[in-house]
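There are 4 protein chains.
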Amino acid sequence: MNKSGKPIIGVMGPGNPNDRTVLDQAEIIGSHIAKRNWILLTGGRKAGVMDAASKGAAEAGGEVMGVLPGDSHLGMSDHVSIPIITGVGSARNLINILTADVVIVCGMGLGTASEAALAIKHKKSVLFTKVSKSHLNFFQSLTSSKLPFFDEADALLAFIEKEVLLL
Amino acid sequence: MNKSGKPIIGVMGPGNPNDRTVLDQAEIIGSHIAKRNWILLTGGRKAGVMDAASKGAAEAGGEVMGVLPGDSHLGMSDHVSIPIITGVGSARNLINILTADVVIVCGMGLGTASEAALAIKHKKSVLFTKVSKSHLNFFQSLTSSKLPFFDEADALLAFIEKEVLLL
Amino acid sequence: MNKSGKPIIGVMGPGNPNDRTVLDQAEIIGSHIAKRNWILLTGGRKAGVMDAASKGAAEAGGEVMGVLPGDSHLGMSDHVSIPIITGVGSARNLINILTADVVIVCGMGLGTASEAALAIKHKKSVLFTKVSKSHLNFFQSLTSSKLPFFDEADALLAFIEKEVLLL
Amino acid sequence: MNKSGKPIIGVMGPGNPNDRTVLDQAEIIGSHIAKRNWILLTGGRKAGVMDAASKGAAEAGGEVMGVLPGDSHLGMSDHVSIPIITGVGSARNLINILTADVVIVCGMGLGTASEAALAIKHKKSVLFTKVSKSHLNFFQSLTSSKLPFFDEADALLAFIEKEVLLL
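Chains as they are written, first to last, in my numbering: chain A, 209 to 375; chain B, 209 to 375; chain C, 209 to 375; chain D, 209 to 375.
It is possible that part of the hints are untrue.
Heads up, the list lumps identical chains together, so a pair's fine if it works in one copy or across two of them.
[Said to hold, decoys possible] With a cut-off of at most 25 Å between alpha-carbon atoms, the simulated DSS-like pairs for lysine-lysine come out as follows: (1) 341 - 254; (2) 243 - 263; (3) 254 - 331; (4) 243 - 214; (5) 254 - 329; (6) 370 - 254; (7) 332 - 370; (8) 354 - 341.
Since the hints were derived computationally from the structure, they do not count as laboratory data.
One chain only, chain A, in its complex shape:
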């Protein structure tokens, strides 16, 4: 856990989900994070779950850390308040999951899968929402830790609060 301040909650999800409810969920989760005065972390791009979660958090007055793959602000979500410009391409996925105190996986894509796998490998608390049962089973088959899944953002956030951050 980040010893020095506000919890940093990563929300990882596809840049181009084909399901509008994934984006809606990301936006709701972003707003919940902001209302708790936690920091949202995303991959920073103006696309998909990254942008939707950032919008939710920013409109609720929260801080949004965007960890960008490129070497400039190009393509950054308008809702990012703390841009991290890495210049290391997809290698920034590692930085996303190491920097986040908790990782929420919202929807699934190839980049998201790489982040979820690394997060579990690095012993992060990883929670899932808006993923299919078979997608969840894939990750569950690769770890002996129980991977929590939630349909509702409320329950997901409550779980983080009580079971992960122990607030």
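Dock chains B, C and D against the given chain A, drawing on the hints supplied.
This is chains B, C and D only, laid out in the frame that chain A set:
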């Protein structure tokens, strides 16, 4: 494709597989790669599929590129002939899949999953062996490209030769 | 320039300077940055200029972003409020200079030299203080851009305000 | 030292030197490395010292490892036989110096300066040629280790052979 010389074939798999046949397959694939005078690329560690594939290739007289996560040769497979010391931890997974002209996924683990996902995302030719049907389905569900699967090393290598490298 | 919020000002300097006045200067600069409501960025470690600048900013009520080389909070300055855990070792030096809107070089060391060189290469605004004339000349000889040097923190910050950020 | 095979000798230098003799020296050094059956490592681009050293080594029948910053072979020197595609931009400078058993600095530029500084920081054997006395003094002032300088490629290679690799 690597325009300047021998094909570089990445073999990605778990560092601690719980199935001996995964290691056997990795070793066989390594030897096949060497016999074709291609370069084997692995994550370089003295563990699991990385080590087994490297052993197979080295004992068949081939070159073995090991892309290590640490900042020294510590923990390197004894069979690596071309060590790449990255110092960037799991971020080296990106380098593995970008450097390989073809990526063979042999068995499954968390690090392997992150590499397979990144490889498909970066439009690499990715082939699977020694993975369960449900694990293969996971990746297939995330891409419209057909992901080839092979039970036998012979068939896998023949496919690379004829369909991917067009030799 | 960071389009989305507070300027991020990087302060780069040695982890073990042999001159107490370098640390004093770093602390003063940190406090100046905080008083202007800018974000301080450092390499995040509890050592040397990183720690001193962070202390100055934190005690003045400011935000401190620490971009750490390791894969945990181990060794982090107590004054960091926004930890970025990169896990990529010295490769994080690139992230430091790309994320900072302005780079202040305070004192000189080997890591600092690598950051100053990359910052100038990537066309960042780089300002120097507490470096010898010959050290400044080294960097000046490698670029046609005029590299500003300041003895006093006040003048350095005023220059950033008026000439770089155009506030 | 690379325990598993041929020594890997890094040659670092500017991509656009303004002095033809720097390129000539890089080419001669590359050929010397190849004649000793060592592997040359460079930043891999078709530019400046990287390209000249690679040409020298390749024409003498040697192996050339090119550690590229981009995510494809684009811009690679025609003389690279072992391309490493990192996708991490200037962060690949760390990989260059960690992978090389010995680092030769031939000429000076901003990227080169970042590599020389990191190499000394990471306790690599670093040797200099075609740098001015004041440039050498800059690095010498930052370390207590004696930094060897050579006018002639012959003497430089002999030093590596006898004093560094202890062959």
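Now the hints, each set against the structure:
no.	hint	in the structure
1	341 - 254	neither (28 Å within a copy, 35 Å between copies)
2	243 - 263	within (13 Å within a copy, 29 Å between copies)
3	254 - 331	between (28 Å within a copy, 22 Å between copies)
4	243 - 214	both (12 Å within a copy, 21 Å between copies)
5	254 - 329	between (28 Å within a copy, 18 Å between copies)
6	370 - 254	neither (31 Å within a copy, 31 Å between copies)
7	332 - 370	within (16 Å within a copy, 42 Å between copies)
8	354 - 341	both (14 Å within a copy, 22 Å between copies)
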